[in-house]
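Number of protein chains: 2
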Amino acid sequence: MEEVFSMKNIIIIGGGAAGMSAASRIRKLLPDSSIKVFEESSYVSYAPCGVPYYVEDTVKDINQLVTYTPEFFTRERNIDVHIRTRVTSVDAGASEVSFVSEAGEGSAKYDYLVLSTGAVPFVPVKKWLDSDNVYTVRHLEDGNRIKANLSRASRVAVVGGGYIGVEMAEALSRQGKLVTVLEMKRIMPNLDQEISSTISSYMKAKGITVKEGFEVKSVENLPNAVMISDGRTTERFDAVVLALGVRPNIELARQMGLRIGETGAVWVDEHLMTSNKEAFAAGDSVEVKDVVLGKKRYVPLAPEANKEGYVAGSNLSGMSMVFPGSAGAAITKFYDMEIGSVGINEEEAKANGIDYYAVKIKHNARASYFPPSESIEMKVIFDKKRKVPLGAQLVGSEIFGRLSTLSLAVSYGIDAEKLFFSGIPYAPPFAPVWDSVIVASRIFNEHVL
Amino acid sequence: MEEVFSMKNIIIIGGGAAGMSAASRIRKLLPDSSIKVFEESSYVSYAPCGVPYYVEDTVKDINQLVTYTPEFFTRERNIDVHIRTRVTSVDAGASEVSFVSEAGEGSAKYDYLVLSTGAVPFVPVKKWLDSDNVYTVRHLEDGNRIKANLSRASRVAVVGGGYIGVEMAEALSRQGKLVTVLEMKRIMPNLDQEISSTISSYMKAKGITVKEGFEVKSVENLPNAVMISDGRTTERFDAVVLALGVRPNIELARQMGLRIGETGAVWVDEHLMTSNKEAFAAGDSVEVKDVVLGKKRYVPLAPEANKEGYVAGSNLSGMSMVFPGSAGAAITKFYDMEIGSVGINEEEAKANGIDYYAVKIKHNARASYFPPSESIEMKVIFDKKRKVPLGAQLVGSEIFGRLSTLSLAVSYGIDAEKLFFSGIPYAPPFAPVWDSVIVASRIFNEHVL
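Chains as they are written, first to last, in my numbering: chain A, 1 to 449; chain B, 1 to 449.
For the record, the hints were derived by calculation from the structure and aren't laboratory data.
Be a bit skeptical, because a hint or two may be false.
Just so you know, same-sequence chains aren't split out, so a pair can sit in one copy or run between any two.
Listed next, the in silico DSS-like pairs over lysine-lysine satisfying Cα-Cα at most 27 Å (straight line) [said to hold, decoys possible]:
1) 384 - 8
2) 147 - 350
3) 387 - 362
4) 387 - 289
5) 295 - 147
6) 147 - 360
7) 204 - 295
8) 385 - 28
9) 206 - 360
10) 295 - 206
11) 296 - 127
As the structure is a prediction and not an experimental result, all values here were calculated from the model.
Put together the whole structure using the sequences plus the hints.
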């Protein structure tokens, strides 16, 4: 029985973080299984999050963004990787996958499937992409294209002011471009207004033109320019980067008849099994539990994708492992301003009818006398009844440790009193003796007493 | 009743972190009380942890190490601060304190007392201090003395290789001194051997002479030199810094007849009340609960002192607040090598008969392709039965956030599976997608399955 199980045929559709994490886990747990990975692009196990840093030239070679090559997986882990191979359909009844590659069409049977088809950049109107001067930022190929063509552009628009938009604004600015960010709502729209304002002010100070409340209605291609209009004014750019977020790639899931969740991503149970018990799914194509609000949430983040792949691979291999969900911790930087958040913001707390208290502080990043003098702007949303942090937003210097600590507290409901007494390590070069996390907790505790 | 209570006379002995934290808390909760602080030195609310950074000249002015002046407390918080005033005895029966200052002797009655007498540097033989060239590192005055006299020294010995010893070795080395560290056990003796070795190797690479297993038997003063011997060999130095740790200053507590705890520090209950219910105690003179082992532990750290002062002040003022204890999180650096720990090490796990598993990894501090390429050496001790981390030791770059996160997990028993799924925020400049904390947890989880 175990023997038979361990010799199963596994097919993994999509060789990104989730897919290769699942493949490696299955190989470890089922040494005798056959594992095939079909990947549409030329890369597997790549880090799309690194693309902005390749564009800005901090990362010199695009191949550095590839953790392992297809050959590595084949040679070292006996995983049969097929790049530039697109799965065209899945016959769930026959447990068979059809694919097409340079070599032609083919098909393969499976006992278990891992759907890790990832996400696609959101582009409201497909024909916006009908230009050599309009880019999305998703695949390593995008990075290559942007970098190859960048020299001919001087004025560049970044459409979308979220994580990728902010990162691309820095990257392009560092490359000497005149950058305009066009954002429908506000810079970093997942952060509350006042935190967003801190960031947009800094972006402006660094020479970025920031237009908030700007909804792109049309993108028109001219021979050597791209015209962008919000319906009232039209601006001319040499190149345009679309950073409007991503949507789950659910084409095959739909075609297979898998259940699609409330967020529009593939529904999975807590074991990451889809509505078809031969198919697991992981990564940017699935929705997971929001550990703060308890409902489903679409969290297309790399750490989540990697762990989902690990969990899906574990369960597929006969273990029982629950993916507990995500609080959506994320971090980035714009030049030397670090930006991060976890859980919900004040807008979401209000929208969900939560009895909350928001603590806002600006605090030293280290002992006041220890140079450089840098600070952290922190906003923490506490649940007044349960006295736990529900979310945090941080902007400034040295935010990683505070965000990581708050993320753990948000994820597991560590209350503000415990957080107050938590052992944030102290030494003058690292933190003030009353660290920002401690101070924020103290303010909340004193407020609700 | 409330009225009468709020008009109590409070005396605080010792104006360091714990004492001034208590004073400020009491002023807030009991606006009409009379608060007197007696402080032996010339400073209150000072940061002794900053002294090494003053010696190395990162901090230019010793006054920067003073958070608030006595005048500030008197003017802004109506706290009656008496510096250069030594309390000579406490008559617990009469609830009266006797003191001596430049102005002569005096006495004052109290309704409640806060004993925050701090700690004294451990010096095995008092006469070792009978030299202008032998220093301890505790008070701001020590910093002044070292810096004033440093120019005449070339060869300097630092006796003791713990936190302060390592910091002073860097400070003196940065000032161009030839530094020898003499340590009875090993560098950073609270860390396990292999972690200690990483640190001592780096110290040697930076030009420090490190002698481990060196027990100082005698310190002899010559007119312009200090001779140190371990009984076999004798070495000559121009100056000697004694960094042998601290001992609780329990003189007054003993004289008052207060209960002294198993560690030799002042015993307090969880409300930080001493065995005399008119007297609270806080800071480096008390022992607190070790949250990992459950027994009492002496933890003379600044964040603990500050919070203890806050808790003692709260309870003295009629609130009921429990000080939960400490996991002893601490951090420092030697040049660009960061060093930190929390909870117990492997030696302590063994000595306490704990069924543990130690995970040791060396991991990237950020995405492998993101410069600078730096790493973290991490050792985590997990309890095999309860599956929680009991302690962690970290050496390398960017350890603060990982240590802070692990500290929270150690303090509140967050198990390795939860830690694996914790939302360590990810972006290439900050962390690898599989962060060291996640990897260490995964290794433990896979081991105990």
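Comparing the hints with the structure gives:
1. 384 - 8: neither (51 Å within a copy, 33 Å between copies)
2. 147 - 350: neither (42 Å within a copy, 56 Å between copies)
3. 387 - 362: within (22 Å within a copy, 37 Å between copies)
4. 387 - 289: For residue 387 and residue 289, both the intra-copy (21 Å) and inter-copy (24 Å) Cα distances are at most 27 Å.
5. 295 - 147: Neither, since 40 Å and 60 Å both go past 27 Å.
6. 147 - 360: neither (40 Å within a copy, 40 Å between copies)
7. 204 - 295: Classified as neither: same-chain Cα gap 37 Å, cross-chain 55 Å, threshold 27 Å.
8. 385 - 28: between (45 Å within a copy, 25 Å between copies)
9. 206 - 360: This pair counts as within: shortest intra-copy Cα distance 25 Å, inter-copy 42 Å.
10. 295 - 206: neither (39 Å within a copy, 54 Å between copies)
11. 296 - 127: neither (32 Å within a copy, 70 Å between copies)
In terms of the numbered hints stated before, the structure departs from hints 1, 2, 5, 6, 7, 10, 11, listed from lowest to highest.
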